[in-house]
Amino acid sequence: MNKKRFGSRLVAAPYYVWAAIFIIVPLFMMIYYTFTDVNGVFTLANIMQLGRFKKAFGLSILYALISTIITFIIAYPLAYFMTKIKISSQRLILLLVVFPMWMNFLIRTYSWITILANTGIINTFLGKLGLGPLQLINTPGAVILGMVYDFLPYMVLPIYTVLSKIDKSMLEAADDLGCNSLQKLRRVIFPLSLPGVASGITMVFVPSVSTFYITQKLGGNKTMFVGDAIEYLFNLGPDFYNVASAISLVLMVLILLCMAVMNRFSEGDEEGVII
Amino acid sequence: MKKLLSVLFIVLIIACLFSGCGYEYFDLNLIGDYTNNIQNKVLNVYNWGEYISDGSEGSLDTIKEFEKATGITVNYSTFDSNETMYSQLKNGGVSYDIIIPSDYMIERLKNENMLQKLDFSYLTNYNLIDEKYKGIFYDEKNEYTVPYSVGLVGLIYNTDIVTEELDSWSALWDEKYSNNILMFNNPRDAFAIAQFMLGQDINSLNKSDWDKSKELLIKQKPLLQSYVMDEVYGKMETGEAAIAPYYAGDYLTMYETNESLAFCYPKEGTNIFVDAVCIPKSAKNYEAAMLFINFLLEPDIALANAEYIGYASPNTAVVNNPEYYYYQNEILYPSDIDLPKTQYFTDINNEIRLYYENLWIDVKLH
Chain A
0 MNKKRFGSRL VAAPYYVWAA IFIIVPLFMM IYYTFTDVNG VFTLANIMQL GRFKKAFGLS
60 ILYALISTII TFIIAYPLAY FMTKIKISSQ RLILLLVVFP MWMNFLIRTY SWITILANTG
120 IINTFLGKLG LGPLQLINTP GAVILGMVYD FLPYMVLPIY TVLSKIDKSM LEAADDLGCN
180 SLQKLRRVIF PLSLPGVASG ITMVFVPSVS TFYITQKLGG NKTMFVGDAI EYLFNLGPDF
240 YNVASAISLV LMVLILLCMA VMNRFSEGDE EGVII
Chain B
0 MKKLLSVLFI VLIIACLFSG CGYEYFDLNL IGDYTNNIQN KVLNVYNWGE YISDGSEGSL
60 DTIKEFEKAT GITVNYSTFD SNETMYSQLK NGGVSYDIII PSDYMIERLK NENMLQKLDF
120 SYLTNYNLID EKYKGIFYDE KNEYTVPYSV GLVGLIYNTD IVTEELDSWS ALWDEKYSNN
180 ILMFNNPRDA FAIAQFMLGQ DINSLNKSDW DKSKELLIKQ KPLLQSYVMD EVYGKMETGE
240 AAIAPYYAGD YLTMYETNES LAFCYPKEGT NIFVDAVCIP KSAKNYEAAM LFINFLLEPD
300 IALANAEYIG YASPNTAVVN NPEYYYYQNE ILYPSDIDLP KTQYFTDINN EIRLYYENLW
360 IDVKLH
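One line per chain: the protein sequences are A and B, in this order. Under numbering that gives the first Met the number 0, the first residue of the first sequence carries the number 0, and numbering increases by one thereafter. Under numbering that gives the first Met the number 0, the first residue of the second sequence carries the number 0, and numbering increases by one thereafter.
Just chain A, with the same shape it has in the complex (with noise of 0.2 Å):
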């Protein structure tokens, strides 16, 4: 029985060793840093000048929301239409919104620009009908864009996982208590697949609220959302350390606490939940 239990625990071993080193030790690092100054001195000060940066938090917080609701928007209706349709389709669709995330996100993103640029695509193309050029890029609806684009796929996977698993006795059920269909969506399926949406919710707007490429990038560089603040501090150099470190633990509880509220949703089945 012992010998069993550690020979189980033994292939764990490198998983372990990789957490400590990559996980635990910088987790670790980040909260030294936070609470000290560059002499390596205990220090609240990190801390307490955070509101300097409660722009940037509170802007990361609302693109994120806006931009983990409209995922859900466009998300919840695909998954849900692709439990309706054959299994082989089913397989296309599912394929199609793997397919942008093969590519590497930078690269997708970077690629909005030349769309949405003011001699971009769409501008050169309205250009040619004599129309104005319209301002698209450096705006708050191309982060939010760039946002829903780079994350979707994140929302359709667990919400598709969760519907296609409904067990197909219970829609029976409903139907032959006397549910409509929209009684039956509203009572039935969407209780069950609470918790993919829960998962969805959570990571999209986890890396939504800490992203930095896509603001900057589609952004035009002006705002410094939190994820900016974080790196750019960071590029700063050594003095900056602290302070980013400082912006780092905060975010990290927001996002832990996020979590939490999340897991509830999701409590007492597992399926589903990648977090």
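Some hints here could point you the wrong way.
What the hints assert, rightly or not - FRET-style restraints, in silico, Cβ to Cβ:
id: 1; chain 1: B; residue 1: Asn74; chain 2: A; residue 2: Ile92; range: 48 to 56 Å
id: 2; chain 1: A; residue 1: Phe27; chain 2: B; residue 2: Leu7; range: 51 to 59 Å
id: 3; chain 1: A; residue 1: Arg90; chain 2: B; residue 2: Gly91; range: 50 to 58 Å
id: 4; chain 1: A; residue 1: Pro76; chain 2: B; residue 2: Lys220; range: 37 to 45 Å
id: 5; chain 1: A; residue 1: Tyr15; chain 2: B; residue 2: Thr72; range: 34 to 42 Å
id: 6; chain 1: B; residue 1: Ser76; chain 2: A; residue 2: Phe27; range: 27 to 35 Å
id: 7; chain 1: A; residue 1: Ile20; chain 2: B; residue 2: Asn328; range: 49 to 57 Å
id: 8; chain 1: A; residue 1: Arg8; chain 2: B; residue 2: Ser86; range: 38 to 46 Å
id: 9; chain 1: B; residue 1: Ser259; chain 2: A; residue 2: Leu181; range: 58 to 66 Å
id: 10; chain 1: B; residue 1: Lys89; chain 2: A; residue 2: Val16; range: 57 to 65 Å
id: 11; chain 1: B; residue 1: Ser76; chain 2: A; residue 2: Leu125; range: 42 to 50 Å
id: 12; chain 1: B; residue 1: Gly91; chain 2: A; residue 2: Val16; range: 26 to 34 Å
id: 13; chain 1: B; residue 1: Ser259; chain 2: A; residue 2: Met28; range: 47 to 55 Å
Claimed, not checked - Not the full set, but computed from the structure, chain B residues with beta-carbon under 7 Å of chain A:
id: 14; residue: Glu82
id: 15; residue: Thr123
id: 16; residue: Ser167
id: 17; residue: Ala170
id: 18; residue: Glu356
id: 19; residue: Lys363
No lab work stands behind these hints: they were computed from the structure. The structure displayed is predicted, hence computed values, not measured ones. For glycine and all other residues, C-beta sits at the position ideal for the given N, C-alpha and C.
Add chain B to chain A, keeping to what the hints say.
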């Protein structure tokens, strides 16, 4: 059949590896003597990215040519900012024999006693360096450095959109060009422009000077299309933006793609920089490093590097060579009459540096 094919492929790949994938050595006319009996056969070079002729597009490969001439293997790595280079050197995890930082960073390295004096008896080609690039503030006695490349900042603008002739930094604050203006995305360069506008010293130790510049930069922010560094190429070449401050040498590169682009040195003054070759204290192969520095000064090598980098060369053998691509180019080599007053960045003390970096964060957060 399949087996045969795969064997064939492997043979091909190996053949390619051994042949160095077809770099053909140039027929060089070297002045210096590179025969040596150095025991340590490895030289670690640390330079800016894309800052040496590397054999791409049929150009000369400086590193390969040096290896051929000396039998010493070069470990070449690159950095993208002086500060990155500095922290690498300071942390001491790696040792480099050759570094090529900019003026103010050389001053800091020298003040922190991180550089070695050069042995000029090795540098038989040093006489090719233009006198005006000797004795600069970071190395007044010419002991530690050999200049490598020189640049000036100016104003690039697209004549399709900007119909007037520009001669002032104030164009970057002109509401006419709102949403068409690009700005440096790093504190030192961005502040320098504001400081030239306000007639301040760009190395001012007076905090209120920096405060005033910050106000000016905040005033500029709503008019900007974007803060950029390397993205400036694409945005100016396609006409996405109309005005941007950037380096003269890079303007010439952009001009090759878009001939509507014009350039000027603003009358308020501008920043000049010199990047120079030095040997850090931690170097392990001093002798080979000296050979390398002399090799960089070779007319053929310096010419290839000057043409590849596209900035001005401090090497008279390059500047006076009629076959040089930028021979007598008025933008890279403006006469003193055309050029407004220039200022170098010097190494500002930590307190002021932290102060303006924080101001810059405020500008960005605004």
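Going down the list of hints, with the structure as the test:
1. B:Asn74 - A:Ile92: 48 to 56 Å: Distance hint for Asn74 (chain B), Ile92 (chain A) holds at roughly 50 Å.
2. A:Phe27 - B:Leu7: 51 to 59 Å: Holds: the Cβ-Cβ distance is about 53 Å, inside 51 to 59 Å.
3. A:Arg90 - B:Gly91: 50 to 58 Å: 55 Å Cβ-Cβ, so the 50 to 58 Å window holds.
4. A:Pro76 - B:Lys220: 37 to 45 Å: holds (41 Å)
5. A:Tyr15 - B:Thr72: 34 to 42 Å: holds (40 Å)
6. B:Ser76 - A:Phe27: 27 to 35 Å: The hint (27 to 35 Å, Cβ to Cβ) holds, given that Ser76 (chain B) and Phe27 (chain A) are roughly 30 Å apart.
7. A:Ile20 - B:Asn328: 49 to 57 Å: Since the Cβ atoms of Ile20 (chain A) and Asn328 (chain B) sit about 52 Å apart, the hinted range of 49 to 57 Å holds.
8. A:Arg8 - B:Ser86: 38 to 46 Å: holds (40 Å)
9. B:Ser259 - A:Leu181: 58 to 66 Å: For Leu181 (chain A) against Ser259 (chain B), whose Cβ atoms are near 60 Å apart, the range 58 to 66 Å holds.
10. B:Lys89 - A:Val16: 57 to 65 Å: violated (30 Å)
11. B:Ser76 - A:Leu125: 42 to 50 Å: holds (46 Å)
12. B:Gly91 - A:Val16: 26 to 34 Å: holds (27 Å)
13. B:Ser259 - A:Met28: 47 to 55 Å: holds (50 Å)
14. Glu82: Nearest chain A Cβ about 5 Å off; hint holds.
15. Thr123: Violated - the Cβ of Thr123 (chain B) stays beyond 7 Å from chain A, reaching only about 39 Å at its closest.
16. Ser167: With Cβ-Cβ at 23 Å, over 7 Å, it is violated.
17. Ala170: violated (19 Å)
18. Glu356: holds (6 Å)
19. Lys363: holds (5 Å)
Hints 10, 15, 16, 17, counting from the list given before, are not met by this structure.
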